[in-house]
Amino acid sequence: MRDLRDIWVYLSASPLLHLTLTLVAFQVGTWVYTKGKLNPMLNPVLIAVILVVAFLLATETSYRDYFDGAQFVHFLLGAATVALAVPLYRQLEKVRQSALAILASILAGSLTAIVSAIGIGYILDGSRDALVSLAPKSVTAPVAMGISEQLGGLPSLTAVLVILTGILGAMLGPIVLNLIGVKDWAARGLAIGTASHGIGTARAFQINEIAGAFSGLAMGLNALATAILLPLIWHWIF
Amino acid sequence: MLNSLTLILCCQLAGELSATALQISVPGPVIGMVLLFCFLLVRGSIPENLARTADGLLSHLSLLFVPAGVGVMLHFRLLGDDWLPIGVALVVSTVLTIAVTALTMTWLGRRVSGPDGSSSNGKL
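As given, the protein sequences belong to chains A and B, one line each in that order.
Here our numbering is used: position 168 in the first sequence is 168, and no number is missing along the way.
Here our numbering is used: position 31 in the second sequence is 31, and no number is missing along the way.
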């Protein structure tokens, strides 16, 4: 029994355990998602997060100890954001044809996302921490976390809200778009990408290639728009 | 693989440095994305191994959210206290954003090319 505890002490102090835990939990999440016929309710990120949290609570491990190992995965988020330039560049020709309409719709969506999130949170008496962490919820996680940190929010809470928004957008997007009768794939993709970033984009790619490409474009441009607009709006309101 | 990863990290580093030096409120990686995009514009094409590295990174994009998402365990209390404003804001704001973006694009797109695909620039 003593040997087992020694092994645990050794393992929990090294990044290996929590790095592996993150990857295994995500693999399980992906497996469930695939088995569940890509049902958006079975989002692999959501499943992985629940599994990891359950494990950490059961072993009484702190988030900081977990993050010592998981930071190697987390670090790549910044690099992935930079890499978004590549799919953006691929859509250059398509974008040129209706650049103005695309920019205007993403800007309108970006403003709607920011103002409605802050407004509803404020009306329902949310705390300042909740409001500032809610405001960038429609933007891809690394950018949203950066914005939230700059405005004095809680980056880790923002990450959770961003992921929830992504799952909601992927689930509700097709329903809303059918309801308001928008059939054009480019418009559908732009809407899902603006509202629900990478998780929505992954979903859009499964439905239609054009929708996926425009969703990726909207995700990139909305990240840029929100990074510029949100600090201005926030300092103007508060 | 290695040189394209170096290029990506250099863009990120340059982005972080200029964000700090110029005191602008745009996160470093976003400036890095703009820099890489400008590099591609100037070059006129995507180097093959950069395409491979970028696609590799982005194909596992959702995995990269997990460590941050696990941070939810730090905020159980705040989420418990503020579940109503947070929950309603998330759902309503997401639905509104989708509707506004899609309707703006449909409306403007129609103005530009017309529902039958013909140009109607004269009407603008």
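Derived from the structure by calculation, the hints contain no laboratory data.
Idealized CB from N, CA, C, for every residue including glycine.
One or more hints might be untrue.
Computed far set for chain A versus chain B, every beta-carbon distance over 10 angstroms [claimed, not checked]: (1) D6; (2) L11; (3) T20; (4) G36; (5) T59; (6) Y66; (7) H74; (8) L134; (9) K137; (10) M145.
To spell it out: a stretch of chain B is covered by chain A in this simulated footprint if at least three of its residues, at any positions, have a beta carbon under 8 angstroms from a beta carbon of chain A; those stretches are [to be verified]: (11) 46-52; (12) 79-86; (13) 101-109.
Now for the hints, and whether the structure bears them out:
The non-interface label for A:D6 is consistent with chain B: the shortest C-beta to C-beta separation is roughly 26 angstroms, beyond 10 angstroms. No beta-carbon of chain B is positioned within 10 angstroms of the beta-carbon of A:L11; the least distance is around 18 angstroms. Listed as outside the interface, A:T20 is consistent with that label: its C-beta sits roughly 12 angstroms from the nearest C-beta of chain B, beyond the 10 angstroms cut-off. A:G36, annotated as away from the interface, keeps every beta carbon of chain B farther than 10 angstroms; the closest lies near 15 angstroms.
At roughly 12 angstroms from the closest C-beta of chain B, the C-beta of A:T59 stays outside 10 angstroms, upholding its exclusion from the interface. Listed as a non-interface residue, A:Y66 fails to keep its Cβ farther than 10 angstroms from every Cβ of chain B; the least gap is roughly 6 angstroms. Separation of A:H74 from chain B is inadequate, the least Cβ-Cβ distance of about 4 angstroms not exceeding the 10 angstroms criterion. Distance check on A:L134: its Cβ comes as close as 5 angstroms (rounded) to a Cβ of chain B, failing to clear the 10 angstroms threshold; non-interface status is violated.
In this structure A:K137 is not separated from chain B by more than 10 angstroms, as the shortest Cβ-Cβ distance comes to only about 7 angstroms. Against chain B, the non-interface label of A:M145 is violated: not every CB pair exceeds 10 angstroms, the least being about 7 angstroms. Here the region 46-52 of chain B counts 3 residues with a CB under 8 angstroms from a CB of chain A, which clears the bar of 3, and the coverage holds. Coverage of the region 79-86 of chain B by chain A holds. Counting CB-CB distances below 8 angstroms, 6 residues qualify, and the rule asks for three or more.
Here the region 101-109 of chain B counts 8 residues with a CB under 8 angstroms from a CB of chain A, which clears the bar of 3, and the coverage holds.
Checked against the numbered hints given earlier, the structure breaks hints 6, 7, 8, 9 and 10 and satisfies all the rest.
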